[in-house]
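Chains as they are written, first to last, in our numbering: chain A, 98 to 211; chain B, 175 to 315.
Treat each hint with caution, since some may be false.
Claimed, not checked - Below, in silico cross-link-like pairs of lysine-lysine (BS3-like), each with a Cα-Cα straight-line distance of 25 Å or less:
#  : chain 1 : residue 1 : chain 2 : residue 2
1  : A       : Lys139    : B       : Lys249
2  : B       : Lys287    : A       : Lys139
3  : B       : Lys211    : A       : Lys208
4  : A       : Lys139    : B       : Lys208
5  : A       : Lys208    : B       : Lys198
6  : A       : Lys139    : B       : Lys241
7  : B       : Lys249    : B       : Lys208
8  : A       : Lys139    : B       : Lys180
9  : A       : Lys172    : A       : Lys110
10 : B       : Lys286    : A       : Lys139
11 : B       : Lys249    : B       : Lys311
12 : B       : Lys311    : A       : Lys139
Derived from the structure by calculation, the hints contain no laboratory data.
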Amino acid sequence: MTIRDITGLIDGKVICCEDRLSSSVEYAFASDLMSDVLTVEKENILLITGLTNLQVIRTSEMSDISCVIFARDKKVGDEMIRLAEENNIILVESPYTVFHVSGELYKAGLKPIY
Amino acid sequence: MQIRHKIAGGDFTRAGNIASAVKKVLQQLNIDHKQSKRIVIALYEGEVNVVAHAYSGVVDIDIDSEKVRITIADKGPGIADIEKAMEEGYSTATPQVREMGFGAGMGLSNMKKNSDFMNISSVPGEGTKVELINYIKPDAD
C-alpha cells in the first residue's frame with residue numbers, strides 16, 4: 098500500500114518527505130515503546146505511535162522504518178523533522194487515535210508483523 | 175578501521191548519533207544488510223543504556239574483514255547482578271528514561287539477540303563494559 102493511500106485513509110498531514118509518498122509498505126506496528134520497536138525484525142514496516150521525541154526518529158532509522166504516523170494529533174518537533182529529512186523518513190500527523198489509525202490500516206490490508 | 179566516540183550520560187538528544195554514523199560506514203563497506211542492521215541496533219541499545227544509566231562512556235568500533243567489534247565502556251553505577259540485568263523486563267530506569275520510550279528492561283537482551291558474541295563486565299560504583307562481536311561478509315547482491 099502506498100503512503101499516499103495510507104495518508105488519505107487517516108486524514109493525515111504529511112510533515113516530512115512528501116516526495117516519497119509513492120513508496121509503499123507491507124506491514125505496520127503500533128507502539129509507544131521504542132524498546133519493542135527495536136526488536137522487530139521485519140522490513141518494509143510503518144510505525145504508528147503517540148510518542149513524539151527524537152528517539153522515535155532514531156529508532157526508526159536503526160530499524161529501517163520508512164514512515165511514522167503520529168496519532169492523536171501529536172505535533173512533531175523541528176529537530177525531529179530535520180533528522181527525518183536526513184534519513185528520508187516520512188512523517189505523518191493524524192487526528193485519529195492509535196486504535197483508530199490501526200483499525201483503518203488493518204481494514205485496508207496492511208499486515209501485522211505477526 | 176577503528177573509530178572512537180564519546181557519550182555524555184543523560185543527554186538523550188544525542189543518543190543514537192554513534193549508531194547512525196556507524197550505519198553509514200557499514201553501508202559504504204557494503205556489509206550484508208541483515209547483519210548491518212543487527213550491529214546498529216545493538217550499538218544503539220548500548221548508547222541508550224549509557225545515556226540512561228551512566229555519567230559518561232566511550233565507544234570503540236573496530237572493523238576488519240571478518241568482524242565488527244564494539245566495546246562500550248562507561249563510568250557509572252555499574253551492574254551489581256548482571257544475570258538479573260539480562261532478564262527481560264528487569265529495569266532500574268528512571269521515569270525520564272521511560273518517557274523517552276525505553277527502560278522496559280529489554281535493552282541488554284536485545285543487544286545479545288543482535289550480536290554473535292556479547293560479554294558484560296561490571297564493577298559496581300565504577301562502571302560497565304560491554305563487548306559485542308558480529309561476523310561480517312560482503313553483501314551478496
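Hint check against the structure, violated hint numbers in rising order: 1, 5, 7, 8 and 11
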